[in-house]
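A.B. asks: Put together the whole structure using the sequences plus the hints.
Chain order of the listed sequences is A, B, C, D, E and F.
Residue numbers for the first sequence follow full-length UniProt numbering, so the first one is 1 and each next one is one higher.
Residue numbers for the second sequence follow full-length UniProt numbering, so the first one is 1 and each next one is one higher.
Residue numbers for the third sequence follow full-length UniProt numbering, so the first one is 1 and each next one is one higher.
Residue numbers for the fourth sequence follow full-length UniProt numbering, so the first one is 1 and each next one is one higher.
Residue numbers for the fifth sequence follow full-length UniProt numbering, so the first one is 1 and each next one is one higher.
Residue numbers for the sixth sequence follow full-length UniProt numbering, so the first one is 1 and each next one is one higher.
Misleading hints may appear alongside valid ones.
Unchecked claim - With a straight-line cut-off of 35 Å between C-alpha atoms, the simulated DSBU-like cross-links for lysine-lysine are:
(1) B:K209 x B:K172
(2) E:K233 x A:K233
(3) C:K233 x F:K233
(4) B:K233 x C:K233
(5) F:K233 x B:K233
(6) F:K233 x F:K209
(7) D:K233 x E:K233
(8) C:K233 x C:K172
Hints listed in this document are in silico derivations from the structure and should not be mistaken for laboratory results.
Number of protein chains: 6
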Amino acid sequence: MTALVTFGETMLRLSPPHGERLETTRELEARAGGAESNVAVGAARLGVDAAWFSKLPDSPLGRRIVSELRSHGVRTGVSWADPETTRLGTYYLEHGGEPRGTSVIYDRADAAITTVTPAELPTGVFETAERFHTTGITPALSESTAETTRALLRAAGEAGMSRSFDLNYRSKLWSPEAAREAYEELFGEIDLLFAPYRDARTVLDREGKAIEVAHGLAAEFDFETVVVTRGEKGAIALREGEVHRQPVFEAETVDAIGTGDAFVAGFLAKRLRGGDVADALEWAAATAALKRTVGGDLAVVTPEEVEAVVDGGGGIDR
Amino acid sequence: MTALVTFGETMLRLSPPHGERLETTRELEARAGGAESNVAVGAARLGVDAAWFSKLPDSPLGRRIVSELRSHGVRTGVSWADPETTRLGTYYLEHGGEPRGTSVIYDRADAAITTVTPAELPTGVFETAERFHTTGITPALSESTAETTRALLRAAGEAGMSRSFDLNYRSKLWSPEAAREAYEELFGEIDLLFAPYRDARTVLDREGKAIEVAHGLAAEFDFETVVVTRGEKGAIALREGEVHRQPVFEAETVDAIGTGDAFVAGFLAKRLRGGDVADALEWAAATAALKRTVGGDLAVVTPEEVEAVVDGGGGIDR
Amino acid sequence: MTALVTFGETMLRLSPPHGERLETTRELEARAGGAESNVAVGAARLGVDAAWFSKLPDSPLGRRIVSELRSHGVRTGVSWADPETTRLGTYYLEHGGEPRGTSVIYDRADAAITTVTPAELPTGVFETAERFHTTGITPALSESTAETTRALLRAAGEAGMSRSFDLNYRSKLWSPEAAREAYEELFGEIDLLFAPYRDARTVLDREGKAIEVAHGLAAEFDFETVVVTRGEKGAIALREGEVHRQPVFEAETVDAIGTGDAFVAGFLAKRLRGGDVADALEWAAATAALKRTVGGDLAVVTPEEVEAVVDGGGGIDR
Amino acid sequence: MTALVTFGETMLRLSPPHGERLETTRELEARAGGAESNVAVGAARLGVDAAWFSKLPDSPLGRRIVSELRSHGVRTGVSWADPETTRLGTYYLEHGGEPRGTSVIYDRADAAITTVTPAELPTGVFETAERFHTTGITPALSESTAETTRALLRAAGEAGMSRSFDLNYRSKLWSPEAAREAYEELFGEIDLLFAPYRDARTVLDREGKAIEVAHGLAAEFDFETVVVTRGEKGAIALREGEVHRQPVFEAETVDAIGTGDAFVAGFLAKRLRGGDVADALEWAAATAALKRTVGGDLAVVTPEEVEAVVDGGGGIDR
Amino acid sequence: MTALVTFGETMLRLSPPHGERLETTRELEARAGGAESNVAVGAARLGVDAAWFSKLPDSPLGRRIVSELRSHGVRTGVSWADPETTRLGTYYLEHGGEPRGTSVIYDRADAAITTVTPAELPTGVFETAERFHTTGITPALSESTAETTRALLRAAGEAGMSRSFDLNYRSKLWSPEAAREAYEELFGEIDLLFAPYRDARTVLDREGKAIEVAHGLAAEFDFETVVVTRGEKGAIALREGEVHRQPVFEAETVDAIGTGDAFVAGFLAKRLRGGDVADALEWAAATAALKRTVGGDLAVVTPEEVEAVVDGGGGIDR
Amino acid sequence: MTALVTFGETMLRLSPPHGERLETTRELEARAGGAESNVAVGAARLGVDAAWFSKLPDSPLGRRIVSELRSHGVRTGVSWADPETTRLGTYYLEHGGEPRGTSVIYDRADAAITTVTPAELPTGVFETAERFHTTGITPALSESTAETTRALLRAAGEAGMSRSFDLNYRSKLWSPEAAREAYEELFGEIDLLFAPYRDARTVLDREGKAIEVAHGLAAEFDFETVVVTRGEKGAIALREGEVHRQPVFEAETVDAIGTGDAFVAGFLAKRLRGGDVADALEWAAATAALKRTVGGDLAVVTPEEVEAVVDGGGGIDR
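C.D. replies: Quick look at the structure:
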């Protein structure tokens, strides 16, 4: 029985080796990457029966995405599109140390998912699933994805699922104003909001500290739970008036991409495994820290590793 | 002074290692590939001052294409497009032995070049250049590229340049009927036609042997020279009623992609260096054979190597 | 609903790059390989809902095996063993051209599977599955695997499943005499036998041509179907007195390991998809030929590719 | 004339690339690694004529170990075992940044060395050698290796060699109690003890500071010299009542595995080259620091580099 | 119209992978590296029409150098030498963390450039170029290069070009005394001096702080501008009595080689683009910082990236 | 006790990956290669106690050569030269299929060995060694190497060793006339001559068939044994008037470089192991065939593999 269902775009992520630039590289590493499937993979690896819904071209490239997600135990509900007329979204990622910084080039226009409709997806699974998750990237992709996002959130609600949403504002996809309008239209269908503090300020025009932002959002949109993340400064969660604070676990970063998704995966996994919000925040922070030590978008971790980080510890056992 | 000007799309070519499949690979080799720039590179390497016109996104990916072409000595006349609203065409290439065969996935829709107009290109160079070359791929890409192809051929003609055209029919881009119509509209502006025998039959509805095809095309469209290529069976050239035959030079094939373009490069380079048609056919066949021994689309060869193949010879000199 | 269930050992396969020797290499390619999981992967890729039963250490190495199989859509029914007291079988594979030849070093003693018992495996799935497959490698591994093989074959028979068995004699695991005794003890529970001609002669002491071997085995052990494979000389199948012959499809071999398993996968997949024995032989031969063009043990192919080989055809479509 | 003889197991060390996990990697780096051969290699590179005794399968894998050690100038005295019935110990090493940490999976059970006997080893060399070294790993491998360790220590003593021993407690091989018993049985044959502070506390139940531990051990077991290492906190040596302290040299760590062995190698090499204990401690610390900058178990360093670290200095000379 | 002309040796730079040593590596990364071409590449990438003069063997190795420089847009004016009697200079670079440090082995004796004469170089371009740059490495290579350096500086001066010179003292090429004599002979032809503080002290025997060194040199040799660089402590420029100070921008260093050349490239590019000395120092420092994040000798950067560093900023935009 | 002593230059061999060209590659594979050390390695691997004498720069590059040879069990007698004033010879090798062919660029001028003198080498070992081998490359390198070659041959003769010599004519090092003169000066000191048929004709001006060449040379220079190799046409040996013929064993060639040296190694090893000339020819041909299947100059083979080729056989045993 699937516990967590996610919906969103997964792209082929192409990145040059360490210290090499996109402009000069002869070699690209290919991996699957997408906010919602990153969450599904993280959750599946942490012991949750997780699924991911999407639309892909019926080609080796589309199958590649499914293969990689499936290898981590994620169930996939994919609408397969004609590969002659659709494409797989890709993104080019160049890691760079300071002051150069990491940069991203999206090449995701007209990806297969931009034509998805709710009818194409196997939502029958909603009858028995517990949670649904998507992010603010998905409604930004096209009218169709926006509509499908709304329809799935509604259907999940009708099926009694808890629905979570990560703002994940992408300035390359839309303006803050367009994003805000779309977000607010969806907020009525959302039980648990993950809000990066910066997005809350830039897009939702919130002011004040993280805790004020959380209280304001919870009050205005009636979220059951609000989690505000502040990068290196940790995260807070507000649920039923109670505030939980969680510092970050320090990490040697190999690849920062996917850290936020790992955080969400850790949170949702722990909740689905019966943990309370404070436990879930700990797992979230630990999963995020572990993710940073691994190349790729995905949180290739185990529950034992997450527990070990939560418990402190470490050292080579041999 | 530029001797040869080419015009067309160059893509990022992404291919997995030998024996690996696109669906499972973690690594992609990245190279520049495009019929017309393949010709320009081959010609430049063979001693001709060659240029390539195109339109690219002003991004690391677009600059990557220019860098690779420039490294072989090609001059580039590029119209740089907004990288937020255009993209670089890509193609995925999977080499496979028989019976699997090599396969290609194009991801070239909406590439920057599809919006090119003649006014964007530095055609002033036509005043002093000798030859212009493009292929049947370019007019297939968009209305704009079709119009620009026509305009450039006309302008080249007005400037007194010799204009060559390689049919290069691509079934993934258009139907034989659409291609035929477009080709025939251009034929009045073409002096030298390169016609793969298969394309001549499938698209131009020609019947009979290669020599009959050449005579028929020359007669109907008044080409100065017609070169018909028949893969392993060699090529023939018809010019001023005279027929020249050229067998292939045997080659151990590492990468067959770009062989036809290497043939054209060898032919044009030898003509520009003062060779007659028979000499040019020899260079064409030798360049094509050498190309097959090298990975990538490009004919990374030297005039000395081409001469050595023409002269027979071989063996390690040490 | 699972259509095909397989049972056997899957190892970590470690191999040096092309032209490099185990003794000097600094780099090893790591892949999953095992006769029965090779069959399951091939069948799953050809559209069959396939499962694989086994026992693995509960470690990153054990999970690695499951990940790779799952990425191709295989369901896994694994008994997880204590990683401190068991190990993952490995095998070192060195590809070598003639006259050196390819060589294999097994390091599979005391692998987790050698302690497996029927009770550890999720045989409930037998109620609704159609076919069960294992090979002559499995009973050679240990007393426990031999007993479990017998028990599973019996259980599969009781559940009404069709049971197939590939002799797959391994001289590094046991003597021909020991193998023969074990095989013959199992033959009463087998409906479909895959017999490499060489194994039939060496181990089962059969004489005469492939067809005679098939008739003899079918008569003596009452198999419903016998398929005798003769490497480059093709295969024959005998079913209900009718003989079907199938030549091989020529292939450019990148990696010959797993060819026999790909043959079985193609045969079983086509049978499960409703094909008759002649169709199944064609698919078997085509899947085997395609497998040879791909690195690794696994038949990373698609039904469309198999059909294309059966239909002839080929050439790069672009 | 061999100056230093070591005895112990050397394994094939398999590790994924930086940032990659064992569970998902397709590529493993293969190197030789083992505490005693690490010491022999380090010492040989620092100008000492060093030998290593062991038992290996007579296979490409066994020869691989010998090749790598020999490439650094180590003499090898190997008892070659039947490759069909023995195996080469392996270990999987996954480097990970904090909080993930580096992890090790041993696959060394039933390695060829576990059946070694003193008679198989070329101990004639003891007549003229100066020092013998082994570690607490070797007696933990099997009854045979424990007996052989005892026998070699005795023989070395009878030949007048100075005998050193590094506790090197491995919790994956035995309990602290079993280790303690075995250690104490050997201590009577040991002149120079290397004791990691943590092992001294955990296994030998020592309390107090490093200096107290050293005094206590020296007093109880009558060691000529005791060296206690405390990781980042440096090391102390006690000899003839005199205490020498050595801080660590800071290092940018690429690979921490083998640091302790490099320390021992530096110490023994300097002693064999005529240095006093204080000099030897400096060389030990410098060799250990240099080792950390190099991938693999081995201290691929030169005497000049060790001297340069001892002297301070640095910067690119060009 | 070429704005900047440089002259000097470019070598093939061969370096092992991260953490590997030259003595044990099986793989070397090959790149072009040379102080003056590093400057030309950096300047070309920053929008300046830049050229590089040199002499190379007419071989694949010589052409490799030209290809790599040309790929970044540098014009090359090369005298091609007989490959049978000359060679390409090479240098082996081993990156190492502390305390090992990075080391360099030059293998540049008798490189083709050591026989260069002014007559071989296309100095006609001086008529319209603005700036000429070379370094203290070039006159150290041979009598011929020393003479050619003098001749080119004179010719550049006669053509009205501004001439810059970077001391770049190389202790492996000559003694401080020989260098000083050669430098001082050239100083009369130099308008802009780049003086690493250490070189100024060691070779030019200057004392005092950077500012005093600058004043002293400017006074004694009548330089228009003196730039003294002090590594991590930043740089100062003195021009027309005015002093400009520039701190370094912090950088995560992947490869420090070429940092000084990137500094010069940034400075010259900004000056040629119309910036004043203070602007040029900012660009110099920013280009140097960015260079450190990229592998290889070359400053693979863009004007936009340099501006972004100058303006602060950062973070992944997506 | 060393059985075989060789003398000659070993270079660093640098080669791009398969299908890549020197002009464009970013990666070079580094290996040791030199005719005489190739022979020593092959012989050592085939069970002979073999040594190699040479002179190398005392640098990581020089040590790299020794390390690689030593890893195969070769004893090295090296005169270490000042790395500031000498260099390591290198050669660039580009493998290419037909019609491109494999090409070699030597960069060996002024290598350390060019200054070697007999006094620098540990010829004391000659007292007890059985055979001495060198090739026609060594006297071509410099006056010093020519003199040292003569001196060593004389010393070996005086010590009663059998002396072999492989013509190995290198047109890039000297003219046929110069080579002939040098060869003939040495022939009086040679017992066993290996003469590639082509070299015998080109350099020694021999006419007629291989057998006539052998008879002529034996008669004129009083060689005990003459072996003439004819590439694909096999080899013949003449000894005491008796002629032995040996066809080649067919091989799938990965790397043809070193085939001739492998032939010599197999011949000498078998002779030293007590085989007669016919046996030695078989081993020579088998070792040469196996060598072709392995990358690099070296015959990384075993006596068992050579025997297996001699005996026919093959197939994967598993």
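A.B. asks: If a hint holds in the structure, say so; if it does not, say that too.
C.D. replies: Against the structure, the hints come out as follows:
1. B:K209 x B:K172: holds, 26 Å
2. E:K233 x A:K233: This hinted pair holds, its Cα atoms lying about 31 Å apart.
3. C:K233 x F:K233: holds, 31 Å
4. B:K233 x C:K233: holds, 31 Å
5. F:K233 x B:K233: Distance of about 31 Å is within 35 Å: holds.
6. F:K233 x F:K209: Roughly 12 Å separates the two Cα atoms, so the pair holds.
7. D:K233 x E:K233: Answer holds: D:K233 to E:K233 is near 31 Å, not above 35 Å.
8. C:K233 x C:K172: Satisfied, since the Cα-Cα distance of roughly 25 Å is no more than 35 Å.
The structure is consistent with each of the numbered hints, conforming to all of them.
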